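**Q** Listed below are the residues making up each chain.
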Amino acid sequence: MNGAQDMGGVPGFGPVEAEPDEPVFHADWEKRAFALTLAMAMPGEWNIDMSRFARENRDPAEYLAMSYYQIWFAALETMLKERDLVRDDEIAAGHALHPAKPVARVLSPGDVLKVLHRGGPTERATGSKPMFKAGDRVRAKTINPKTHTRLPGYVRGHKGTVERVIGFHVFPDSNAHGLGENPQWLYTVRFDGRELWGDGGDPGTIISVDAWEPYLEKA
Amino acid sequence: MAGHDHHHDRDHSELSETQLRVRALETVLTEKGYVDPAALDLLIETYEKKVGPRNGARVVARAWADPAYRARLFKDATTAIAELGYAGRQGEHIVALENTPQRHNMVVCTLCSCYPWPVLGLPPVWYKSAPYRSRAVADPRGVLKDFGVALPADTEIRVWDSTAEIRYLVIPMRPSGAEGWSEDRLADLVTRDSMIGTGLPKEPK
Numbered sequence: 058m059n060g061a062q063d064m065g066g067v068p069g070f071g072p073v074e075a076e077p078d079e080p081v082f083h084a085d086w087e088k089r090a091f092a093l094t095l096a097m098a099m100p101g102e103w104n105i106d107m108s109r110f111a112r113e114n115r116d117p118a119e120y121l122a123m124s125y126y127q128i129w130f131a132a133l134e135t136m137l138k139e140r141d142l143v144r145d146d147e148i149a150a151g152h153a154l155h156p157a158k159p160v161a162r163v164l165s166p167g168d169v170l171k172v173l174h175r176g177g178p179t180e181r182a183t184g185s186k187p188m189f190k191a192g193d194r195v196r197a198k199t200i201n202p203k204t205h206t207r208l209p210g211y212v213r214g215h216k217g218t219v220e221r222v223i224g225f226h227v228f229p230d231s232n233a234h235g236l237g238e239n240p241q242w243l244y245t246v247r248f249d250g251r252e253l254w255g256d257g258g259d260p261g262t263i264i265s266v267d268a269w270e271p272y273l274e275k276a
Numbered sequence: 022m023a024g025h026d027h028h029h030d031r032d033h034s035e036l037s038e039t040q041l042r043v044r045a046l047e048t049v050l051t052e053k054g055y056v057d058p059a060a061l062d063l064l065i066e067t068y069e070k071k072v073g074p075r076n077g078a079r080v081v082a083r084a085w086a087d088p089a090y091r092a093r094l095f096k097d098a099t100t101a102i103a104e105l106g107y108a109g110r111q112g113e114h115i116v117a118l119e120n121t122p123q124r125h126n127m128v129v130c131t132l133c134s135c136y137p138w139p140v141l142g143l144p145p146v147w148y149k150s151a152p153y154r155s156r157a158v159a160d161p162r163g164v165l166k167d168f169g170v171a172l173p174a175d176t177e178i179r180v181w182d183s184t185a186e187i188r189y190l191v192i193p194m195r196p197s198g199a200e201g202w203s204e205d206r207l208a209d210l211v212t213r214d215s216m217i218g219t220g221l222p223k224e225p226k
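Chains L and Y supply the protein sequences, listed in that same order.
Using the numbering used here, the letters of the first sequence map in sequence onto residues 58 to 276.
Using the numbering used here, the letters of the second sequence map in sequence onto residues 22 to 226.
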């Protein structure tokens with residue numbers, strides 16, 4: 058979806074301000090929101106692409122006003138409520154008021170390190186041959202889906218070059234909406250800075266995105 | 022003690038709505054049996070104390086010290102990094118990027134906050150912020166300037182936008198003056214930002 062999360066090239070946000078000796082978390086609630094988000098991935102009620110969509114699918118002004126862990130936490134609440142795992146009256150009361158729905162798995166302390174170490178690889182057995190090879194000229198399609206996509210706005214409609222065929226990976230545009238993993242060929246596509254930003258762009262800059270085949274057409 | 026009570030009340034009124042909601046949700050999820058608070062504690066401890074940029078620094082130091090490891094790292098970073106025991110969530114598919122005098126690499130996630138957790142830990146706030154996500158792709162030299170880094174005009178800046186599940190780790194150039202150093206000492210020169218591409222390694226002293 059087009060939204061405030063798609064920030065590449067958006068002007069006016071000012072300089073990058075790094076915090077010296079920054080702590081990993083800035084408040085206790087950030088730690089808990091982070092851990093709840095990771096732990097609630099375990100029951101398998103949603104996938105990472107659904108999480109990303111739940112984070113970005115909000116009013117742009119609201120998105121920009123929230124801190125990153127606030128966005129994570131809001132998305133967690135949304136996904137829990139959508140699946141009727143938690144209701145508003147329970148959050149207001151601070152206690153469970155309705156029977157728990159059965160879930161497939163719960164993250165136990167003994168499994169934490171194993172689960173983190175395993176992660177969630179997204180490469181799948183290939184089901185087709187890639188349409189493009191390294192060196193091919195391609196254009197990022199002009200698309201404006203209302204659903205989840207990982208093709209940033211700033212490359213849409215622009216010509217680039219396939220640098221690498223990465224592999225056959227889960228397609229977020231499908232997976233985020235319960236339409237299956239629908240794996241597709243994934244490529245690193247590089248763009249000249251001036252192609253993206255015009256003659257004012259730094260001539261010595263190359264920008265790449267990782268783009269699934271459905272995002273690309275021959276140029 | 023009126024002053025003490027006042028301070029106490031103020032602390033309570035400053036419990037933010039977010040803080041209260043997070044606490045409420047954790048209680049609800051725990052009561053329903055969806056989460057185990059001991060697992061939450063362990064997740065926090067892992068990313069607060071164990072998994073951080075020191076992991077990535079060890080990878081870089083080995084790549085500096087051991088040419089065979091360096092070759093393996095650029096051929097298949099996920100496997101080479103797993104040799105040191107680092108693997109998993111948000112690092113399932115890692116690519117190592119080689120900085121050279123001709124090319125400087127810089128990593129961003131314009132769409133969210135994708136970052137190679139097993140080697141760098143959780144991202145700093147600036148990495149997830151609008152200024153970085155917006156400008157890293159449009160004005161990378163300007164961003165480097167914000168970090169106090171100036172590169173020669175003829176050095177190509179290559180920006181990698183982490184739009185898929187591939188995670189990128191920059192391998193900075195080894196500074197001169199650290200010949201014969203152990204991997205441990207070399208790792209001390211490797212900063213987090215030098216592995217994102219917004220900084221350079223420390224100079225040996």
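Treat the hints with caution; some may be incorrect.
With a straight-line Cα cutoff of 30 Å, these simulated DSS-like cross-link-like pairs (lysine-lysine) come out [unchecked claim]:
#: 1; chain 1: L; residue 1: LYS158; chain 2: Y; residue 2: LYS53
#: 2; chain 1: L; residue 1: LYS203; chain 2: Y; residue 2: LYS70
#: 3; chain 1: L; residue 1: LYS216; chain 2: Y; residue 2: LYS53
#: 4; chain 1: Y; residue 1: LYS96; chain 2: L; residue 2: LYS275
#: 5; chain 1: Y; residue 1: LYS70; chain 2: L; residue 2: LYS190
#: 6; chain 1: L; residue 1: LYS138; chain 2: Y; residue 2: LYS149
#: 7; chain 1: Y; residue 1: LYS223; chain 2: L; residue 2: LYS171
#: 8; chain 1: L; residue 1: LYS138; chain 2: Y; residue 2: LYS53
#: 9; chain 1: L; residue 1: LYS203; chain 2: L; residue 2: LYS275
#: 10; chain 1: Y; residue 1: LYS96; chain 2: L; residue 2: LYS186
#: 11; chain 1: Y; residue 1: LYS70; chain 2: L; residue 2: LYS171
#: 12; chain 1: Y; residue 1: LYS70; chain 2: L; residue 2: LYS216
No lab work stands behind these hints, which were simulated from the structure alone.
Just so we're clear, the structure is a prediction, and the values are computed from it rather than from any experiment.
**Q** State for each hint whether it applies.
**A** Hints and how they fare:
A threshold of 30 Å between alpha carbons decides the hint, and for LYS158 (chain L) with LYS53 (chain Y) the separation of about 8 Å falls inside it, so the pair holds. Our distance criterion of 30 Å between C-alpha atoms is broken by LYS203 (chain L) and LYS70 (chain Y), whose separation comes to about 40 Å. Proximity of LYS216 (chain L) to LYS53 (chain Y) is assessed by CA-CA distance (about 51 Å); at most 30 Å being required, the pair is judged violated. A threshold of 30 Å between alpha carbons decides the hint, and for LYS96 (chain Y) with LYS275 (chain L) the separation of about 28 Å falls inside it, so the pair holds.
A C-alpha spacing of about 43 Å is found between LYS70 (chain Y) and LYS190 (chain L), which places the hinted pair above 30 Å, so the restraint is violated. A distance of roughly 26 Å separates the Cα atoms of LYS138 (chain L) and LYS149 (chain Y); the hinted pair therefore holds under the 30 Å criterion. Using a Cα cut-off of 30 Å, the hinted pair LYS223 (chain Y) and LYS171 (chain L) is violated, with the two alpha carbons roughly 34 Å apart. Taken as a hint, the LYS138 (chain L) and LYS53 (chain Y) pair is honoured in the structure, with Cα atoms around 14 Å apart against an allowance of 30 Å.
Annotation: proposed proximity of LYS203 (chain L) to LYS275 (chain L) holds, straight-line Cα distance about 24 Å (limit 30 Å). Our distance criterion of 30 Å between C-alpha atoms is met by LYS96 (chain Y) and LYS186 (chain L), whose separation comes to about 22 Å. As the CA atoms of LYS70 (chain Y) and LYS171 (chain L) are separated by approximately 17 Å, the hinted pair is consistent with the 30 Å bound. Taken as a hint, the LYS70 (chain Y) and LYS216 (chain L) pair is broken in the structure, with Cα atoms around 44 Å apart against an allowance of 30 Å.
Checked against the numbered hints listed earlier, the structure breaks hints 2, 3, 5, 7 and 12; every other hint is satisfied.
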